[in-house]
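Protein chains: 10
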Amino acid sequence: MPKPLLLETFPNPYPGRDYEIVMTCPEFTALCPVGGIESDARELEALEGGAPDFGTITITYVPNRHCVELKSLKLYLWSFRNDGIFYERAVNTILDDLAKVIKARRISVVGDFNIRGGIKSVITASAKAKRR
Amino acid sequence: MPKPLLLETFPNPYPGRDYEIVMTCPEFTALCPVGGIESDARELEALEGGAPDFGTITITYVPNRHCVELKSLKLYLWSFRNDGIFYERAVNTILDDLAKVIKARRISVVGDFNIRGGIKSVITASAKAKRR
Amino acid sequence: MPKPLLLETFPNPYPGRDYEIVMTCPEFTALCPVGGIESDARELEALEGGAPDFGTITITYVPNRHCVELKSLKLYLWSFRNDGIFYERAVNTILDDLAKVIKARRISVVGDFNIRGGIKSVITASAKAKRR
Amino acid sequence: MPKPLLLETFPNPYPGRDYEIVMTCPEFTALCPVGGIESDARELEALEGGAPDFGTITITYVPNRHCVELKSLKLYLWSFRNDGIFYERAVNTILDDLAKVIKARRISVVGDFNIRGGIKSVITASAKAKRR
Amino acid sequence: MPKPLLLETFPNPYPGRDYEIVMTCPEFTALCPVGGIESDARELEALEGGAPDFGTITITYVPNRHCVELKSLKLYLWSFRNDGIFYERAVNTILDDLAKVIKARRISVVGDFNIRGGIKSVITASAKAKRR
Amino acid sequence: MPKPLLLETFPNPYPGRDYEIVMTCPEFTALCPVGGIESDARELEALEGGAPDFGTITITYVPNRHCVELKSLKLYLWSFRNDGIFYERAVNTILDDLAKVIKARRISVVGDFNIRGGIKSVITASAKAKRR
Amino acid sequence: MPKPLLLETFPNPYPGRDYEIVMTCPEFTALCPVGGIESDARELEALEGGAPDFGTITITYVPNRHCVELKSLKLYLWSFRNDGIFYERAVNTILDDLAKVIKARRISVVGDFNIRGGIKSVITASAKAKRR
Amino acid sequence: MPKPLLLETFPNPYPGRDYEIVMTCPEFTALCPVGGIESDARELEALEGGAPDFGTITITYVPNRHCVELKSLKLYLWSFRNDGIFYERAVNTILDDLAKVIKARRISVVGDFNIRGGIKSVITASAKAKRR
Amino acid sequence: MPKPLLLETFPNPYPGRDYEIVMTCPEFTALCPVGGIESDARELEALEGGAPDFGTITITYVPNRHCVELKSLKLYLWSFRNDGIFYERAVNTILDDLAKVIKARRISVVGDFNIRGGIKSVITASAKAKRR
Amino acid sequence: MPKPLLLETFPNPYPGRDYEIVMTCPEFTALCPVGGIESDARELEALEGGAPDFGTITITYVPNRHCVELKSLKLYLWSFRNDGIFYERAVNTILDDLAKVIKARRISVVGDFNIRGGIKSVITASAKAKRR
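Protein chains in written order, with this note's numbering: chain A, 1 to 132; chain B, 1 to 132; chain C, 1 to 132; chain D, 1 to 132; chain E, 1 to 132; chain F, 1 to 132; chain G, 1 to 132; chain H, 1 to 132; chain I, 1 to 132; chain J, 1 to 132.
No wet-lab data here; the hints were simulated from the structure. A few of these clues could be false.
Claimed, not checked - Each pair of labels, with its calculated beta carbon distance range:
hint	chain 1	residue 1	chain 2	residue 2	range
1	C	13	A	26	36 to 46 Å
2	F	11	I	130	28 to 38 Å
3	C	16	E	13	45 to 55 Å
Yeah, the Cβ is synthetic: ideal placement off N, Cα and C, and Gly gets one too.
Put together the whole structure using the sequences plus the hints.
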């Protein structure tokens with residue numbers, strides 16, 4: 001299960017300037033929920049869960065008072081590894097978890113997932129802080 | 001014949017947020033209608049239909065209450081396989097069929113078709129929901 | 001000589017929607033007019049005309065009542081093959097000939113020509129229908 | 001069903017010289033046999049057959065007395081379109097059918113198939129004429 | 001733990017000919033054994049195991065009497081997902097497990113692993129059947 | 001019609017050393033002979049000849065006493081422009097014409113032709129001088 | 001020394017339409033002025049001038065009454081070959097010289113210079129005609 | 001420690017025109033501060049400092065009265081080599097140091113850093129002169 | 001100074017089989033020795049040493065009884081960071097240091113260094129164990 | 001005129017081992033001799049010499065007792081800048097000049113020249129030391 005408590009922050013060293021941070025993780029993996037596009041009985045028996053999904057997660061944000069610590073982000077993304085989760089939910093969950101912890105001025109999350117059933121999916125979600 | 005009844009949906013898990021979903025299918029194939037650019041008598045006899053076309057279909061939408069289920073989309077796109085259909089009609093038909101089923105806030109369909117007669121064609125159509 | 005009479009049309013199947021058609025022809029060839037950048041006496045004698053030019057023609061348009069038929073476009077572009085014509089004139093001629101035949105809502109023509117004398121040229125021209 | 005009778009030949013214009021001909025068809029498609037890696041009940045119902053496979057077929061040969069006519073090869077490869085056939089069998093069948101018709105000095109067939117179940121497959125088979 | 005029992009075979013349809021099959025799986029993942037290059041206390045606590053590794057496994061073989069069934073290969077490769085295993089051992093294990101099951105005339109396995117600690121690793125191992 | 005008389009030579013400045021010259025012409029064009037893969041009645045009427053073919057010709061040779069003069073090679077290749085000729089014949093003709101004029105120690109000609117009917121063709125022929 | 005007198009023009013064949021011409025010259029070379037980033041005593045002695053610079057010049061303009069003749073542009077760009085000139089001055093000089101001769105509706109010049117001292121430089125300048 | 005005193009300028013040769021200069025340095029390296037993402041006891045002992053980081057720094061500015069001298073920029077960027085500095089601080093420091101020295105009309109700095117812990121980071125900061 | 005004592009090994013898990021390990025480190029950096037191609041007085045003053053060099057080191061070996069431990073290799077390559085060393089010496093030193101520690105059946109080292117003075121250098125050295 | 005006296009050497013630090021050095025110079029330029037493929041009267045007047053040629057020179061050698069010093073090689077290659085020389089002669093001259101100075105165990109020179117008259121040329125020459 002995704003563990004948002006793994007996320008840690010450090011104080012933004014340049015809070016007086018709007019600048020942008022992009023972090024790209026090309027090694028995201030989770031499991032397709034049971035019943036998803038490529039699961040069948042033989043697969044479930046083999047892995048005791050759904051089929052694995054792979055993708056690249058890209059996070060873009062303008063920090064306010066805090067930046068996300070890089071290593072804690074890595075551990076947080078690892079925590080999806082053995083979870084069954086749909087693409088749409090994974091991207092929006094990462095957005096919500098990060099937004100809550102770093103309260104960025106603006107933030108977006110892109111999940112670019114490998115082909116499944118001959119179809120490639122890219123999900124993009126974004127949010128803005130209500131006030132600065 | 002394209003079978004829009006194959007399309008299935010699931011409830012958008014984040015209806016309160018405008019986010020974008022892009023689905024790319026690089027394995028779209030249909031038949032060129034009889035009389036199209038590369039058909040002749042010998043071809044018709046061989047295949048009992050027009051010459052095959054190949055292309056990539058890319059669907060981009062912002063979901064409202066429903067998302068299209070990935071596997072049902074795959075089956076729907078397969079249903080063009082043995083149909084004679086012009087490029088312009090294929091792209092606009094996919095747009096209309098999806099728009100009717102998922103009522104997305106906005107949606108576009110791009111058909112990027114392989115070279116025929118030394119000419120490559122890309123067709124782009126889009127639609128917006130009238131009100132949210 | 002370019003033969004605009006070769007261009008044929010078919011009725012736009014979706015006239016109620018603004019959608020875009022891009023047609024790319026990477027096999028355009030014409031002759032450089034006599035006296036152009038790479039012609040000299042020996043070349044003229046060999047070919048009985050100017051030196052050949054090569055390029056890619058890309059046509060982008062939003063159809064109104066008619067679409068250009070793909071095969072007729074191919075034949076029209078072939079009709080430049082043994083004509084001496086400058087780049088600027090070729091691109092604007094294709095634009096004018098197509099605009100007259102299909103009366104598109106908007107249309108642009110890009111000619112991307114191979115290096116001559118160490119210099120690559122790209123010419124872009126566009127037009128809009130005066131009223132819809 | 002593959003139709004080897006579609007294959008036609010023309011006399012090799014340079015039979016006195018060993019030279020090589022490579023023909024690449026990036027638009028090969030067939031059906032996965034029922035029960036193959038991505039078929040399930042919903043898919044079978046939709047297409048009345050197995051799931052479609054896509055790939056590129058490359059044929060390399062040194063002609064003896066005959067060359068294969070290009071258009072007949074195209075029609076022959078189209079004849080796999082609605083056939084259920086495994087990769088290994090498709091490649092070896094094309095090799096056998098061509099070898100029988102053109103009796104090339106040497107010939108090889110490569111089938112480079114799109115990812116299925118997260119795995120890409122490339123099959124290569126070749127044959128030599130027993131005597132020249 | 002890798003589960004070689006998941007591997008299934010089918011009879012080689014062309015046992016009389018030496019032909020080559022290449023299968024590439026770009027979605028291989030395993031865990032780095034505890035104490036490996038990027039594990040530390042915080043990582044172990046987060047994942048209850050070592051850090052994840054990612055790579056592409058490419059298997060090339062000339063079948064003898066049996067081919068490996070594609071879906072069973074996928075399930076077998078998935079079975080490394082939550083195992084701590086060094087690169088060298090992973091590649092040699094896959095080679096041994098496959099060699100035992102399909103007794104290929106010749107077989108090689110390449111593991112091309114993502115950068116860890118700024119260094120990329122590629123391991124290649126191969127084997128031949130002792131007699132045909 | 002190809003005009004081998006256009007080919008001119010200059011004395012090899014280093015006849016005592018075997019060295020290799022590769023000349024690549026990406027702008028080769030000829031006409032498909034009447035009756036070829038993409039000709040039909042409408043095409044013939046438009047162009048008064050077969051459909052145009054495009055390709056890249058690559059010539060590799062080790063000079064003996066003479067090198068081919070670059071500009072004369074260009075003019076010679078232009079002389080195919082309005083000729084109906086099959087791929088196999090074009091490549092072997094260029095090889096024969098050059099071999100006769102420069103008597104290279106060894107020479108090869110590769111014709112890499114654009115896709116026609118969904119199939120790409122590459123023809124390679126070579127020759128060696130009988131004695132040096 | 002750059003020789004703007006080499007620049008010649010021809011009348012714009014379509015003065016009634018705003019269209020764009022892009023000319024790219026990937027073979028621009030000049031000398032770094034004496035004392036520039038990579039010159040030292042040994043280099044000056046060798047070349048009797050500064051070290052050579054290399055780059056690509058891209059000119060984009062919308063013609064008014066005149067277009068620049070392609071061959072004269074080539075000769076003009078050659079005239080920088082043995083001149084010592086800084087990047088900033090080269091780009092702005094080309095812009096000024098062209099603007100004076102063709103009086104384009106708008107024009108820009110980009111100089112994309114090769115790495116020197118581990119740093120790559122790209123300079124972009126543009127101008128508009130004051131009135132049309 | 002970064003040494004801004006190394007930065008030297010020369011007078012902008014075209015102060016009357018807004019034009020843009022982009023300088024890209026693909027060979028930036030610094031040290032990760034002690035305690036950063038990939039340091040551990042063994043690493044510290046080896047290098048007597050944190051682990052090295054690598055990246056590309058891209059500086060884009062519109063000069064006012066002064067341009068930065070290229071060689072002095074190179075030396076300034078070298079001065080980070082043995083400094084422990086976080087990505088965010090490095091990019092903002094370069095921006096501040098340059099802004100103070102050249103007082104550009106506008107300036108931005110992008111730091112594109114190599115993957116660490118499976119995550120790639122790109123930081124972008126920019127500033128404008130308060131008045132011209 | 002390079003520190004070969006940093007190199008550590010682990011027992012080859014498959015000593016009975018000849019298999020190949022390739023390790024690529026794209027982040028190698030050292031200093032150019034004083035007096036090298038791009039050093040001058042201003043540079044020496046700035047860095048208190050020669051100018052930095054950058055490159056990619058690729059090590060390929062067939063292990064005998066020992067493999068090199070990946071993290072120790074990283075630390076060893078870091079130990080060149082502040083050393084003045086010529087390309088030829090760096091590559092041969094790495095080869096000698098590794099050959100002494102792992103006594104591989106065969107081993108090669110390639111150093112692919114970034115452009116200096118407009119010239120790119122690649123050095124390749126290899127060694128074989130005298131007896132197995 | 002090429003100045004072989006500019007070439008300097010330093011002692012091979014590893015004369016006991018056969019290892020390979022590849023040096024690539026992508027910024028080679030010379031002049032086409034008067035009368036070459038793209039010269040005409042207007043060009044000669046402009047440049048007081050033939051048209052400029054551009055290419056990449058790649059030198060590969062196994063050193064014996066001496067290596068070529070990198071900076072002296074750069075100066076030597078610059079010395080072709082204002083010389084009229086044919087491709088074949090340039091490549092063989094560089095080979096001869098280097099072979100005389102460094103007496104490499106084996107050496108080859110490749111000249112990869114930009115397109116002229118629509119044709120790209122690559123010349124490769126090599127030599128071996130007579131005895132070691």
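Task: Hints not upheld, ascending by number - done: 2
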